[in-house]
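Participant: Chain A is already provided as a structure; the job is to place chain B on it using the hints.
The listed protein sequences derive, respectively, from chains A and B.
In this text, residue positions in the first sequence follow my numbering: the first is 1, and each later residue adds one.
In this text, residue positions in the second sequence follow my numbering: the first is 1, and each later residue adds one.
No wet-lab data here; the hints were simulated from the structure.
Predicted model only: the values in this text are computed from it and were never measured.
Take the hints with a grain of salt, since some may be wrong.
As the list makes no split between identical chains, a pair holds if one copy fits it or if it spans any two.
To be verified - Pairs of lysine to any residue, SDA-like flavour, derived with a Cα cap of 20 Å:
#, residue 1, residue 2
1, LYS182, ASP288
2, LYS211, GLY171
3, LYS154, ALA320
4, LYS102, GLU389
5, LYS102, THR11
6, LYS298, GLY140
7, LYS313, GLU425
8, LYS39, PRO72
9, LYS154, THR330
10, LYS154, GLY191
Protein chains: 2
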Amino acid sequence: MIDETHDPALTSWVCPEGHAEFPVQNLPFGVFSHAGGEKRAGVAIGDFVLDLAAAAHAGPLTGFDAGAVSSPCLNALFAWDCDTRRRLRQRLSALLSQPGRKSEVEPFLAPANRVTLHCPMAISDYTDFYAGIHHATNVGRLFRPDNPLLPNYKYVPIGYHGRASSVRASGAPVTRPSGQCKGEEPVPQFGPSGRLDFELELGIWIGAGNKLGASIPIGEARSHIAGFCLLNDWSARDLQAWEYQPLGPFLAKNFLTTISPWIVTAEALEPFRAAQAARPEGDPPPLDYLWDEQDQEKGAYAIDLDVHLVTPKMRAVGAAPQVITRTSSTYLYWTPAQLVAHHASNGCNLTTGDLLGTGTISGPERGTYGSLLEISAGGREPLALASGESRSFLEDGDEVLITGRAKRDGYVTIGFGDCRGVVVERRRDVGMDVLAPMLRAGHR
Amino acid sequence: MIDETHDPALTSWVCPEGHAEFPVQNLPFGVFSHAGGEKRAGVAIGDFVLDLAAAAHAGPLTGFDAGAVSSPCLNALFAWDCDTRRRLRQRLSALLSQPGRKSEVEPFLAPANRVTLHCPMAISDYTDFYAGIHHATNVGRLFRPDNPLLPNYKYVPIGYHGRASSVRASGAPVTRPSGQCKGEEPVPQFGPSGRLDFELELGIWIGAGNKLGASIPIGEARSHIAGFCLLNDWSARDLQAWEYQPLGPFLAKNFLTTISPWIVTAEALEPFRAAQAARPEGDPPPLDYLWDEQDQEKGAYAIDLDVHLVTPKMRAVGAAPQVITRTSSTYLYWTPAQLVAHHASNGCNLTTGDLLGTGTISGPERGTYGSLLEISAGGREPLALASGESRSFLEDGDEVLITGRAKRDGYVTIGFGDCRGVVVERRRDVGMDVLAPMLRAGHR
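Next up, chain A with everything else stripped away, as it sits in the complex (with noise of 0.2 Å):
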């Protein structure tokens, strides 16, 4: 539902002036930490954190249940109802745009910078989908040229089961996973991987659960979806070729997924929801399980995706970062709602903290896609870089930077904040003092 949280007339005083990501019609949920202080539960506002436990004791928002925004995740926040959250989330707006709580609340407030964002959630289970069907197209192609999309890719949103333990927040070190690869010779080789490769997703995650047994109706599938994040599912592809059958990806993705931290909750993204735009005239219909007329119209989110990427090269003379890909979540073949529906169809029970990711998310043509496998062809046709370099796939001190807008005439623009990681060989010791420089240059 819009409400007055989204009216684009309303700003607030901690940035009058508007914000690129973090403006009042957007205020997502985070874990932060001061240094070497214990997690706590934040919201974002322009440059600053609003330290949510803190406010909760002190008076500003009391009324709220003060245990569910002191615990170090937003697990027992999320699992609240969603009238309860869309309440906090408007004393927030009101909190934060009126000019005479300014003193009320201002003693609460951290600048960004100078604090640590985690992982938002205790993650249950996280779950990859394959729903953007022009990757699906891409990669299929590259193994089948004639028949790249497999027979049930229009009738099952494709998923598959990924690693919860390895889920990390921005900034985290992408350490080169090894493992077996098979070239030409007859036997494997154990090594470091050659063909690293990021994924450009979005990650949905799940507020309120379903009991084991039963199933969510598509019809109610949206009230299960606390918010969204950018996710990078970087994917080791030389290993994944190797191993991927007949059971799938395993090591070759559990090394580490990044997340961008702050949870962009499913409230502030309402005015950027949009038809589902990426199912072609002629394909099948959604069996009834996964048709819901609302959510075909209204259940898809026009979100524009960018990836950049900076080399160690480009860091030396200080380049900026390139943007390697411009995308959108309309790309996407199925709705959040259908992947929800979906995975609890059988009966498989969803709780809260549980982070899907939607897949990953490619356009139909080059500068749109969300992979260096589809960029580069399988690393057949490298790409070419502005600072003179080619990359077919990662190199180490390669940083690649994912970050989303949501966008609509009419409303303010919201951001999701940085999905980042630098690559860095294996087993080299990797202290502040090497890593800092990397990830300052992103502290926007």
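Facilitator: This is chain B only, laid out in the frame that chain A set:
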């Protein structure tokens, strides 16, 4: 290390005649509750459960961290170093075998048939391997008669991530999943699975974890294993056949995984270690990161595994469960240490409470197969039962019970407890009036 706790002459004053599964040489850890009570850590001895937390607070277990054994799950206990765990085992062995300690310990014993057993750990991530080479061959043959094993099988311990949220202790109802099935019609149909199956596996519980980006050398892998359980990886074959390409099984597996609730510790299983015998002469040797001489000589386990089936007709006439499979963990192609070392070889962080399934364990011939898919040759050769019935796949009301025994000459046999489930129709209101008689029959 085999020590005095394995002495075959040792008896417990709790069960001086010994016990088929839980003699004093076993001492498995679990989590139990009294009716309406909270979850508590316990140890099985004969037909009784020792309340660890109460014993730690009241005296007999002083010197151990009472907090760790007072938790509603065993994660803190199994995060202990191996030495501390071994000392606890030695103390428990002494308390339960020395008649002079009876009066001190007896107040903390509860009859096992009066308590409910629960999942013993808060499961962080659940991974399922595919290490049963005969199973992989049998299933592969159904799809590729001339080339059943894929080229990676003898190099890569094939595995994939499963669903942690739907792992349940023995006795949980097996709600028949619905899903997309593709028959002869051009469009798949959504409905209850018609090819519901069991999969006989061992489960491996992880104790100490590793840091993200670090690996676990094969020589250290054993020290990361807390213990073992029986595991039934229920599978819907029709859902699986349609959904599994290209990313592996998903909804066909994640509706339920049943485990035997006692953690039979690595310490208890020391006498039953065996040479790795499932790799035939002429097969390629494991790559260096999976090769350890001691592991090859003593890293496998000799555990007899049986599958028992009870149909509603058998239950109605009071017939005994029919053993439909007798097999052995010696058919696993990879040792538990190899699975652990492989899982962490790319830097993936294992964490305390992770559960690894070995994959379905089958032998080379009929009568030793670990799934109905193999027993019925994909449904083409239904299994004839002594009751006059036949089964290709599971029907509503069918009960599957997996049992396991570790046996070796000169040592006392130890067991795992039950791993049991009854198939129930989806959405039927299954109250305990229906389930209780089915489950009670199994409380031996």
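Participant: Between copies, within a copy, both or neither: which fits LYS102 and GLU389 at Cα up to 20 Å?
Facilitator: Close neither inside one copy (50 Å) nor across copies (76 Å); limit 20 Å.
Participant: First find the shortest C-alpha distance between LYS211 and GLY171 inside one copy, then the shortest across copies, and answer within, between, both or neither for a cut-off of 20 Å.
Facilitator: between (35 Å within a copy, 17 Å between copies)
Participant: Given a CA cutoff of 20 Å, do LYS313 and GLU425 count as a within-copy pair, a between-copy pair, both, or neither?
Facilitator: So LYS313 and GLU425 pass the 20 Å test inside one copy only (17 Å; across, 62 Å).
Participant: Have a look at LYS39 and PRO72 and pick one of within, between, both or neither, based on CA distance no larger than 20 Å.
Facilitator: within (5 Å within a copy, 24 Å between copies)
Participant: Pop the pair LYS154 and GLY191 into one bin, within, between, both or neither, using alpha-carbon distances up to 20 Å.
Facilitator: Between copies only: 18 Å across, 37 Å inside.
Participant: When Cα atoms must be at most 20 Å apart, do LYS182 and ASP288 count as within-copy, between-copy, both, or neither?
Facilitator: between (43 Å within a copy, 15 Å between copies)
Participant: Classify it for me, LYS102 with THR11: is the Cα-Cα distance of at most 20 Å met within a copy, between copies, both or neither?
Facilitator: within (13 Å within a copy, 73 Å between copies)
Participant: 20 Å Cα cut-off: does LYS154 pair with ALA320 within a copy, between copies, both or neither?
Facilitator: neither (40 Å within a copy, 47 Å between copies)
Participant: With identical chains, the pair LYS298 and GLY140 could be close in the same copy or across copies; at 20 Å between alpha carbons, which is it: within, between, both, or neither?
Facilitator: Answer is neither: 29 Å inside a copy and 44 Å across each miss the 20 Å cutoff.
Participant: Checking LYS154 and THR330: alpha-carbon separation at most 20 Å within a copy, between copies, both or neither?
Facilitator: within (16 Å within a copy, 42 Å between copies)
Comparing the model with each earlier hint shows violations of hints 3, 4 and 6; every other hint is respected.
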